Amino acid sequence: MTSPAGPPPTGGGGEQRRVRLLAVTACPTGIAHTYMAAEKLAQAAESRGIDMKVETQGSIGAENVLEDNDVRQADGVIVAADKDVDLSRFAGKRVLTVGVAEGIRHPEQLIERVLSAPVHTGGGAPTALASGGGKERSAGYKALMNGVSYMIPFVVVGGLLIAISLSLGGHTDPSGGLVIPKDSFWMDVNNIGVIGFTLMVPILSGYIAYAIGDRPALVPGMIGGWIANTGELYDSKAGAGFIGAIVTGFLAGYLVLWIKKVKVPKFVQPIMPIIVIPIVATTALGLFFIYVIGKPISWVFEHLTDWLGGMTGTSAVLLGAILGLMIAFDMGGPVNKTAFLFGAGLIATGNQTVMGMCAAAIPAMPLGQGLATLLRRRLYSEQERETGFAALFMGCFGISEGAIPFAAARPAQVIPANMLGGAVAGAIAGVAGVEDAVPHGGPIVAVLGAVSGVPMFFVAVVIGSVVTALTTVALVDVSERRGAPALAGAGAAVPEPVLVGASVGGATESAKPVAGVGSSVEEAEEAGEVLSGHLTERTVRVRLDATDKEAAIREMAGLLARGGRVVDADELVAAALRREEQGTTGLGEEIAIPHAKTDAVSAPVVGFARSDEGVEWDSPDGTKARLVFMIAVPEAAAGDEHLRILSLLSRRLMDAGFRERLLAAPDEAAVVEVLREVG
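Residue numbers for the sequence shown follow the working numbering, so the first one is 84 and each next one is one higher.
Mixed in with the good hints, there may be bad ones.
Listed next, the in silico DSS-like pairs over lysine-lysine satisfying Cα-Cα at most 30 Å (straight line) [claimed, not checked]:
{"no.": "1", "residue 1": "K344", "residue 2": "K225"}
{"no.": "2", "residue 1": "K136", "residue 2": "K225"}
{"no.": "3", "residue 1": "K346", "residue 2": "K225"}
{"no.": "4", "residue 1": "K265", "residue 2": "K378"}
Using C-beta positions, here's what the derived DEER-type ranges look like [said to hold, decoys possible]:
{"no.": "5", "residue 1": "G705", "residue 2": "M228", "range": "55 to 65 Å"}
{"no.": "6", "residue 1": "Q352", "residue 2": "E718", "range": "45 to 55 Å"}
{"no.": "7", "residue 1": "P499", "residue 2": "A145", "range": "38 to 48 Å"}
{"no.": "8", "residue 1": "I278", "residue 2": "S250", "range": "17 to 27 Å"}
{"no.": "9", "residue 1": "F371", "residue 2": "L401", "range": "30 to 40 Å"}
{"no.": "10", "residue 1": "S130", "residue 2": "R759", "range": "21 to 31 Å"}
{"no.": "11", "residue 1": "D560", "residue 2": "I354", "range": "45 to 55 Å"}
{"no.": "12", "residue 1": "Q352", "residue 2": "R155", "range": "17 to 27 Å"}
{"no.": "13", "residue 1": "V537", "residue 2": "L401", "range": "18 to 28 Å"}
{"no.": "14", "residue 1": "R196", "residue 2": "P379", "range": "46 to 56 Å"}
No lab work stands behind these hints: they were computed from the structure.
Keep in mind the model is a prediction, meaning the values are calculated, not measured.
The C-beta atom is built at its ideal place from N, Cα and C for all residues, glycine as well.
Based on the provided sequences and hints, a complete structural model is requested.
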């Protein structure tokens with residue numbers, strides 16, 4: 084329990100105790116702004132004789148976490164964040180929620196305002212403010228990605244366990260597809276995998292709802308997702324799948340937000356988030372889906388099945404393409420299941436060619452998406468690349484759901500690519516007369532002898548998968564380039580990385596060899612190292628020539644190349660510019676810290692340059708950047724060392740004396756000496 088909010092208490096003898104405040108700072112990327120806001124708030128509180136504890140929710144994780152006792156004794160809480168922060172623990176306290184930029188720009192004003200801020204009643208949605216400057220994804224996109232991130236482990240675990248059980252314990256049976264003997268060890272493994280697959284759709288729906296409406300939305304979101312995925316509840320042979328889960332997730336989240344706005348008697352308020360809202364929202368959403376949405380879904384797909392039945396005498400190429408499109412559209416959803424059940428139902432009539440078309444199209448999506456993560460690694464996050472490997476494995480066993488995480492995260496790019504690849508695979512299998520005797524797909528059915536026309540079956544699968552991968556890469560690449568200026572050429576790894584328009588200190592400096600190519604480790608050590616060796620005199624300049632942000636990033640990338648750890652200079656620039664699109668790295672106080680996580684560098688590297696005139700960097704306080712640090716780390720960098728250094732650097736830069744010493748340092752060696760203070 085937390086004590087009720089009120090004015091700052093006084094001691095029994097008329098002696099006023101120090102005001103105690105708490106704060107939480109967080110930005111979307113969880114790096115520099117998070118720590119700068121924390122330092123600014125702490126400094127402002129100390130200057131006013133106020134006790135303050137600040138929790139930072141950065142990329143390293145939550146640090147200096149606020150405990151129950153801290154909250155109990157606090158007179159107010161400042162939440163300076165541009166990402167979701169759970170406010171439920173602050174129920175009964177005065178809570179002021181602002182963007183992280185306000186914590187940097189106006190910490191004194193926030194301290195004054197929080198003492199008269201409204202009392203948080205509990206049950207409110209997490210904060211999702213966007214006043215921190217820079218371009219951010221929409222609330223809907225962030226909610227969707229929240230659901231996808233929680234769903235991925237269920238897809239991977241469920242899919243891989245099913246694939247393993249089928250490969251090691253299954254055999255073909257004309258009457259039952261791939262069969263695992265009942266009461267066997269591998270049937271138990273398969274059942275565990277099926278549970279994972281069963282849960283993945285409700286998890287997607289539930290955590291989309293949670294991101295929108297907080298904890299009261301979790302139950303209606305999950306139950307709504309289960310209903311959407313269980314077609315029997317609304318007389319449909321095929322549930323609504325992951326697309327239905329996305330719909331129920333958003334419906335549940337916004338329904339809960341609407342219910343929260345309803346004014347209720349004070350005595351009812353404590354039970355609203357744990358009893359009233361979940362029950363009302365779950366019941367309303369469940370009945371709405373069953374009676375309003377579910378019935379039309381059932382009617383549409385019944386007629387779709389009849390329409391497919393009327394096409395069996397038409398061109399095999401056309402029918403194969405249509406079935407491939409349907410199989411690939413929603414990967415286990417109603418459209419997919421309609422095509423699959425249509426093909427499976429014809430096996431008993433002696434027509435095995437339709438199932439052959441479906442079997443070839445089924446693996447094209449997971450195999451294609453997995454292949455895409457290998458073809459263009461830089462377009463995908465580390466988690467997506469790991470999911471890509473799992474998708475490749477699932478694709479081999481005919482588990483189309485392996486592609487769902489990619490489709491849910493980038494529907495506009497992935498679903499069209501999947502459909503094109505599926506259509507190509509289905510059409511090739513149709514024209515070649517491939518047959519499948521069991522209701523299952525993927526290379527596993529050919530390996531186990533259920534397919535006739537095996538060579539052409541594999542041709543169809545391979546071509547369909549490649550088409551899916553190439554189309555996905557092209558569409559995602561186009562989408563990414565819209566968020567970052569086009570670069571002149573794709574910088575290949577060369578002995579002397581040179582950037583178009585990047586100044587690296589003249590011909591003599593640009594001709595210096597790169598460590599690992601022509602220079603020695605001893606030379607780097609002689610140059611002087613700080614920040615755990617990530618910054619040396621080689622990566623420091625006392626004069627930055629650029630006059631705009633993009634040119635400054637290019638110049639800084641050229642500076643980092645002198646450290647011998649840059650293998651693709653153009654890609655480093657592109658990665659840093661993409662990061663700027665997510666939100667400015669201008670921190671205020673004449674500071675900018677552009678950064679990138681990319682395999683364009685072989686090891687973490689830090690550079691520093693000083694601008695006499697300053698560079699416009701969209702900083703929250705409107706100042707131009709005169710002190711510019713650039714940090715680059717490889718995707719595969721182990722640990723969080725670079726994040727630790729960045730947090731230390733951000734905090735140290737809040738010291739005006741430290742900044743003045745950096746500005747006054749006469750040469751590179753003097754700059755390095757000042758930076759030794761960072762630790």
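Hint check results:
Proximity of K344 to K225 is assessed by CA-CA distance (about 22 Å); at most 30 Å being required, the pair is judged to hold. For the proposed pair K136 and K225, the alpha carbon gap of about 29 Å is at most 30 Å, so the pair holds. Taken as a hint, the K346 and K225 pair is honoured in the structure, with Cα atoms around 28 Å apart against an allowance of 30 Å. Our distance criterion of 30 Å between C-alpha atoms is broken by K265 and K378, whose separation comes to about 35 Å.
For the hinted restraint 55 to 65 Å between G705 and M228, the CB-CB distance of approximately 31 Å leaves it violated. Checked against the hint of 45 to 55 Å, the pair Q352 and E718 passes, with Cβ atoms roughly 47 Å apart. For P499 paired with A145, a C-beta distance near 39 Å keeps the hint of 38 to 48 Å intact. Between I278 and S250 the C-beta distance comes to about 19 Å, which sits within the given range of 17 to 27 Å.
Here the CB-CB span from F371 to L401 is close to 38 Å, well matched to the stated 30 to 40 Å. Between S130 and R759 the beta carbon distance is about 27 Å. The supplied range of 21 to 31 Å therefore holds. A hinted range of 45 to 55 Å holds for the C-beta pair D560 and I354, which are about 51 Å apart. Distance hint check: the CB atoms of Q352 and R155 are about 20 Å apart, consistent with the given range 17 to 27 Å.
Under the hint 18 to 28 Å, the C-beta atoms of V537 and L401, about 24 Å apart, fit the expected range. As the Cβ distance of R196 to P379 is approximately 50 Å, the hint placing it in 46 to 56 Å holds.
The structure fails to meet hints 4, 5 from the earlier list, while all remaining hints are met.
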